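Peer 1: Read off the chains here:
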Amino acid sequence: MSQRCSLLVKKFDQAKFDLAAGALTEAQLDELMHAALCGPAQVRQRLLYIHAAQPSVRSPLISSASHEPVPGSITQIDPLVEELPYGCVFDAILDGWRVVQFPDQRAPFEDREIDIIGYEFILEKLEAYDA
Amino acid sequence: MLDRQYLLTDDQVLSFINYGYHLVEPDFAPGFNEAVLQELRQIKQDPGNAILEAVPQLQEVYNHPMVRGALISLLGADMTMNGHRHCHTNLPGSQSQGWHQDGTNVRHHQVWTVLAMYYPQDVPPEMGPTAVVPGTHFRNAPTDRMVNYANLKGQVFLTVKAGTVAITHYDLWHAATLNRTEQARYMLKFLFDRRSAPTTPSWNHDPIEGPVIATSRFSEMIGPSGGYSSDYYKEWELRMELWNWLTGSTAAVPPGAFKDMLS
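From first to last, the protein sequence lines are chains A and B. If you read the first sequence in our numbering, its first letter stands for residue 1, the second for the next number, and so on. If you read the second sequence in our numbering, its first letter stands for residue 1001, the second for the next number, and so on.
Next comes chain B alone, as it looks inside the complex:
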């Protein structure tokens, strides 16, 4: 049974709803990340889904209570590790990927799967950090239509310290970037799935304060548009819809609901 202190707060869940990602910095034992990195460097052939068998210490990453607490908060207490996982090795001299969403274009405004990306080494800007675009998990964009973007306003590079686990909504736009250093950058991408629709909040929810914080955060300006465009008001409603769903509410968000959030 996980201690509730490791669950997310209302504010953290709302931040995930708006931005589409949450960073966890677990307090691993000294030398843990370095040991994992050493193991990864010994791998001669990409083991694909068998990376967990090749480097068993990785299980400790995803068993860490801070990581489990965040995953349970977003996916429910019965969440489970998906069978697909991969060690992404960004080699020196690489070029950036194009922006993309994983999977096909069957999207929804719920949280059924997240990526949990573990970085066993410090990732400075020169080492090919993962790039994400906050708020884009609400978008349904075929990859072919994204090829003409390069740098996007509001993009965030995950320049993280060793041991960080970046939990992202499955639909968040992301890309690996160019590695200018002489060292390979490793990122372990594990997927976690929700097994049942939420019936009650699975985080440290305050039924009095939570809705107040939610109302104040739905209107945040984030991401590339970052202002008054048609999409901005739609995002308010999509955020509200996701919040309702995560809290277990069956209340629909009617078209034009954003007007009730105007101050």
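Chain A on its own, in the form it takes in the complex:
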């Protein structure tokens, strides 16, 4: 099923649920009609920058930064976030993320000094958003 169809089915299911609960609104019906008649929602790229301790997709995660494709979204260090979203890159793949950049193992190597932490993977998910 295309992403557009998938989004429409979700909206339709929600409308049926709300109808059964007596909570369906005219605005919802307008939105459903708009989604059905006015073409696909916009497909946008969600980005997830992950740093793993080593270049393997099974290596433990040490950092995560998500970039949501919605106006005003920000990516920052948050003291209220206690856990990283995945244990390793492989877990993110199982959750539907697709790796679009793997770390370069040919990076300069110094056996005495240390610099940045971990190995960077960039992942994406393409998802439909209301235009």
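Please keep in mind that the hints were generated in silico from the structure rather than gathered at the bench. Since the structure is predicted, the reported quantities are computational estimates derived from the model, not experimental observations. Glycine is no exception: its CB is placed at the ideal position from the N, C-alpha and C atoms. Please note: incorrect hints may appear among the correct ones.
Here are the in silico distance ranges between beta carbons for each label pair [said to hold, decoys possible]:
| hint | chain 1 | residue 1 | chain 2 | residue 2 | range |
| --- | --- | --- | --- | --- | --- |
| 1 | A | Glu110 | B | Pro1124 | 23 to 31 angstroms |
| 2 | B | Ala1197 | A | Ile74 | 38 to 46 angstroms |
| 3 | B | Pro1047 | A | Asp91 | 45 to 53 angstroms |
| 4 | B | Gln1183 | A | Asp91 | 56 to 64 angstroms |
| 5 | A | Glu83 | B | Glu1060 | 49 to 57 angstroms |
| 6 | A | Asp104 | B | Ala1035 | 49 to 57 angstroms |
| 7 | A | Ile74 | B | Glu1053 | 21 to 29 angstroms |
| 8 | A | Glu110 | B | Val1147 | 18 to 26 angstroms |
| 9 | A | His34 | B | Arg1145 | 41 to 49 angstroms |
| 10 | A | Ser73 | B | Ala1252 | 37 to 45 angstroms |
| 11 | B | Gln1038 | A | Glu31 | 48 to 56 angstroms |
| 12 | B | Leu1002 | A | Val81 | 51 to 59 angstroms |
| 13 | B | Ser1230 | A | Gln14 | 48 to 56 angstroms |
Based on the hints, put chain B in the right spot on chain A.
Peer 2: For chain B alone, kept in the frame of chain A given last:
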């Protein structure tokens, strides 16, 4: 002359070597932090380096024997206050900074400068605490290459009580974080410099027990990697190198020295 009771122990110095920071909680007189906070709130224009003239009580923070004891332990008895200082005001609704090291990328594995950050108010997680990454003072990372990190495993948020002075190695990765409250969070960043290379330990060093504690602590797993990676063994040697230097030893740490620390 500072009473030696205020100097750090071997264990505390080794903790600083491994983690890159040390927290001091001075016993200021009741009402002192509140008075400083009131003064800071009256400031209309950022005075920059003149913050000490604008709020003279701040000198009491850095004259406190617990603070001086920690600074002398890490920088030597002739350490001095640097001319650069700043009042960092983290306003409500702020966003976090990115991770960074101060200064340029000329680094070393010694202690020539520390930041001494004084917080005159309690800093809960919602108020934009300073974030640090333990162990990163041994790294040489251009800020541009750090922009894709956000939350890092092993990061520590300095959620401190009023009056705390956080002494950090100059090269420790740090960042201010978002302030969700309706109050400004104040942090006074003062710098202190070492004036001469160490020739002898400037803390309460025990020449018998100190090396034993050092050997047991060099292999601690801390920071984001926190385990068996290439960097982990390098950190052992870098810690040993810094310990040697602080004790005044001129002994070099040869490549592969970590093997001698394996139990």
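Peer 1: Hints first: check each against the structure and report whether it holds.
Peer 2: How the hints compare with the structure:
Here the CB-CB span from Glu110(A) to Pro1124(B) is close to 40 angstroms, at odds with the stated 23 to 31 angstroms. The given range of 38 to 46 angstroms is respected by Ala1197(B) and Ile74(A), whose C-beta atoms sit roughly 44 angstroms from each other. Roughly 50 angstroms separates the CB atoms of Pro1047(B) and Asp91(A), a value that falls within the hinted 45 to 53 angstroms. The given range of 56 to 64 angstroms is broken by Gln1183(B) and Asp91(A), whose C-beta atoms sit roughly 39 angstroms from each other.
The beta-carbon spacing between Glu83(A) and Glu1060(B), approximately 41 angstroms, falls outside the hinted interval of 49 to 57 angstroms. Separated by about 55 angstroms at the C-beta atoms, Asp104(A) and Ala1035(B) satisfy the suggested range of 49 to 57 angstroms. At about 37 angstroms, the CB distance of Ile74(A) to Glu1053(B) disagrees with the hint of 21 to 29 angstroms. One distance hint, 18 to 26 angstroms for the beta-carbon pair Glu110(A) and Val1147(B), holds here, with the actual separation near 22 angstroms.
Distance hint check for His34(A) and Arg1145(B): the Cβ-Cβ separation is about 45 angstroms, which falls inside the suggested range of 41 to 49 angstroms. In this structure the hint that Ser73(A) and Ala1252(B) lie 37 to 45 angstroms apart at CB is violated, the actual value being about 50 angstroms. At roughly 53 angstroms, the beta carbons of Gln1038(B) and Glu31(A) sit within the given window of 48 to 56 angstroms. The hinted range of 51 to 59 angstroms is not satisfied by Leu1002(B) and Val81(A), whose Cβ atoms lie roughly 41 angstroms apart.
Ser1230(B) and Gln14(A) have their C-beta atoms about 50 angstroms apart, which keeps the hinted 48 to 56 angstroms range intact.
The earlier numbered hints that this structure contradicts are 1, 4, 5, 7, 10 and 12.
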